[in-house]
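Novice: Fit chain L to the supplied structure of chain R, relying on the hints for placement.
Number of protein chains: 2
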Amino acid sequence: MLSDEPNAGMRRRDLLKLIGMTAGSAAMYQAMTSMGLAATSDYTGPIKLEGDPKGASVLILGAGLAGMAAALELRQAGYKVKILEFNNRAGGRNWTLRGGDTYTELGGATQKCEFDEGLYLNPGPWRIPFHHHGLLDYCKRFGVQLEPFQQFNHNAYLHSTKAFGGKPQRVREIKTDFQGHTSELLAKVTQKGHLEGMVTEEDQEILLEALRSWGALDKDYGYKASLHSSEFRGYKKDPGGGIGAEPVPSDIIGLSDILSSRLWGSLANFALYEFQTTMFQPVGGMDRIGQAFAKEVGDLITFNAKVTKIDQNENGVTVTYEDAENPGAMNEESADWCVCTIPLTILSQIDIQVGGPMQAAIAAVPYVSAVKVGLQMKRRFWEEDEKIFGGISYTDQPISQISYPSTDYNSKGKGVLLGCYTWNGPNSYEFTAMSPEERVRNAVEQGALIHPQYKDEFENGIAVAWHRSPFTLGCSGDWTEEARKEHYNNLCQIDGRIVLAGEHASYIPAWQEGAILSSLDAITRLHQRVLQG
Amino acid sequence: MLSDEPNAGMRRRDLLKLIGMTAGSAAMYQAMTSMGLAATSDYTGPIKLEGDPKGASVLILGAGLAGMAAALELRQAGYKVKILEFNNRAGGRNWTLRGGDTYTELGGATQKCEFDEGLYLNPGPWRIPFHHHGLLDYCKRFGVQLEPFQQFNHNAYLHSTKAFGGKPQRVREIKTDFQGHTSELLAKVTQKGHLEGMVTEEDQEILLEALRSWGALDKDYGYKASLHSSEFRGYKKDPGGGIGAEPVPSDIIGLSDILSSRLWGSLANFALYEFQTTMFQPVGGMDRIGQAFAKEVGDLITFNAKVTKIDQNENGVTVTYEDAENPGAMNEESADWCVCTIPLTILSQIDIQVGGPMQAAIAAVPYVSAVKVGLQMKRRFWEEDEKIFGGISYTDQPISQISYPSTDYNSKGKGVLLGCYTWNGPNSYEFTAMSPEERVRNAVEQGALIHPQYKDEFENGIAVAWHRSPFTLGCSGDWTEEARKEHYNNLCQIDGRIVLAGEHASYIPAWQEGAILSSLDAITRLHQRVLQG
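Chains R and L are the protein sequences, given in the same order.
The first sequence begins at 0 in numbering that gives the first Met the number 0 and counts up one residue at a time.
The second sequence begins at 0 in numbering that gives the first Met the number 0 and counts up one residue at a time.
All clues given are correct.
Because identical chains share one entry, a pair is satisfied inside a single copy or across any pair of copies.
Below, a list of computed lysine to any residue pairs in the SDA-like style, where the Cα atoms sit at most 20 Å apart:
{"no.": "1", "residue 1": "K81", "residue 2": "A293"}
{"no.": "2", "residue 1": "K484", "residue 2": "P246"}
{"no.": "3", "residue 1": "K413", "residue 2": "R97"}
{"no.": "4", "residue 1": "K187", "residue 2": "D202"}
{"no.": "5", "residue 1": "K235", "residue 2": "G44"}
{"no.": "6", "residue 1": "K47", "residue 2": "R528"}
{"no.": "7", "residue 1": "K386", "residue 2": "D455"}
Simulated from the structure, these hints should not be mistaken for lab results.
If we strip away everything but chain R, and leave its shape as in the complex, we get (with noise of 0.2 Å):
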């Protein structure tokens, strides 16, 4: 398992390992960055494992999400259950930061967190899509309380440092006006007959109607400054009450500036499936829904246990843990079923006794290099100044994005912002190379170019970089095409008395229900195994 201090050499000819890995797929990684990891969830219900597993035991390796859901489902089917969890709390990616926690990243560095009480930083899951059915499920058995979590704000910026001199853009600007000339241009071409063998004449005719609704266009088809393109770009002076109150048209960027600025490139972010509205994020922070499983299953799990071996034979399995907090104890577990949720990036370093193929496929797939930074301001300046109330910017800097806070909105207090959020590649690697003091500190100074009030009102901050992350090693599974087709079956299959979940062994990597879809067809499949004798 993990070295308790590796060397910087080899952390970093790990990283251009996975760099290696991942090149000449720039299309793809331009793709995972920018709109996350397409996928959602077939979830159709509570699982019900029916038939008596005569007293068999298993045992459950990680308390995230994945072996939590196990441990829970397995115990009520009648299962002895047991999890040994590295970590000292429940949850795994599942977490939040709050004032008073500490960090230790692998290399050695602690931070400590300063956010005021009631603030926080999810370094790993932030969103549920409104697809994500079984993990929405578990919340509403659980009774975890969920808001909104605004993905897509109209008044939120697109930046870029090498297009309209570094001025962020509102969204709804850039997307109105990529809208509105677009459809000018096809209504033009419409007009002049150049749809004619691919349009009927009287789908024609409706196309131009609703060019001229979809595209805010005038009657002549044209998009232009005007009071109704300002009725979704927005004004220039926005209408008021009483004397002087008319409205200003506002003035529309025009499309070769757009195209060159490539802000375009953002706007289909917020088309995505996964991205759809409605969003949510449970209320206080991501955690609490890892400690709602905790308070289901929590007397299950041993803490601290730093796994070293897995072993089965056609009994069962044993599983040799070392106690993190001692190193040098070690101790052993058995139990006739084995779950093991270890991430693969540190489950191919331990000697499991598995067949080549899971083996290939242990050590197939690389993970994804996420780092996140959270920035407490002295106010809500996003709110009080610029009017952005929760959302996204996107830009080409490194951090890659600011997110504004979805709780607490238009209130006096503070506020945590998400400052940079790089997924992979290059942007990611760099800050994950940095100190997390160097870290929080680019990230000031970035963002300080959008949003200038940085300078004043920063006033601490936190950074998580994935590849640091010594229980995980990583952010999530980086699957091409070529490793699922060859590997990913192999993966999921039943291996004598072991079966591996987790979000790495399904098709939504990253998100938490990947990991719940894997564990509840992990232990279906295991339960029949069972049945069957």
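Specialist: Chain L only, in chain R's frame:
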């Protein structure tokens, strides 16, 4: 003012007159219905009324938001302030109905709201755009807790009884497919050279890239059923976890079917500035705002005061009013100045001593006839069965829309749907002409074409037709461009010692922000007049 029992014939004549006044403006009606009223705010911060009013007194008519904001600010500036209010509560159209409330409309029908504890309907305003800065600022000062109001839900429905066999379509499917098909068409004509002379060759190259991104096109700029288009419109089978978890792409709807369905007509709604993210609602009901104002100025209000005459001379204003609870008991109140926020529908029936231009303006503005129906359902089937969390489905039926509650998401309890919100025109007149019970029955019958669960889950309902509201005789001022040119400035002038305020005296009619900004502008000008002596 109001006759206590208006005869139905008179009411009908009024309605027909209103229909007459909007005849010939079908386009505008369409725009108003589908878009609401396009308007925002130019508030720049709390007003400061500096200078000593030397004990001057102001009588305010109406304890809605306009009246209470005026009272709050004028008292703070040193004025002696009183408020007369016809209703027996503060807030005006800022109003929330809960279980146990009763409401008697013109015609005499009394409804008792039977909602369960915690459920409510906002018959009047129900959402707050992020740019309604004046209103949001009062919310902040008062500590009114806000939560996001979900306007746009990709997973809600677009429904036409005349398209797709009457089967509702998900917004995300219609939107993605419309965007995809039109992007494909524009890409094709670009490739064929038809944009020559309109777009430079260099820009055409970027345009093609942008269309591929925006429209979810494939590498050949085609919009096809694929995993890629499914990443935006949703899948036939969502990706899952473990074995057999591969996603299956969804089919796409042909352009011709989308065009002829006319469902694209609702898409523009979602992009309007006034409906853009992030919108808000007060936690617990819109009347939390009115209550917060009343906490500040409630001591100034005389309730049940039915104004019958507004007189002025060079020394001051005298208002005659009847005690609505003791008909025939007349009273008088005098002051140096008067801020009148009485809706024009009612003010036009009161003997008010102002000049001809203001008299004409008061008579010139018809009011829209919005109707809302709240339906309590035994369970939140739209969430449980259909995964619709908040947002709005649109239909071509008279109910126009169904809005799902933007609160208590994913909870196990009951919920209240907004089962009908028709804004103006024939549908609203028809609903207004029905008894409350008929309105509810019709809303249930029409809604059941979209959600068959209505039949089993409906428990009780309540219906508010604003043209039958005794305290406003309509929903809000319905300005035409022509009426604005001729009358708006005359309406807003200070006439002797009287100034009018309210949403009707703003460019943001129907929105609370219009009332606030109109009021702040009116009292600012009034204060200047007072200081001038």
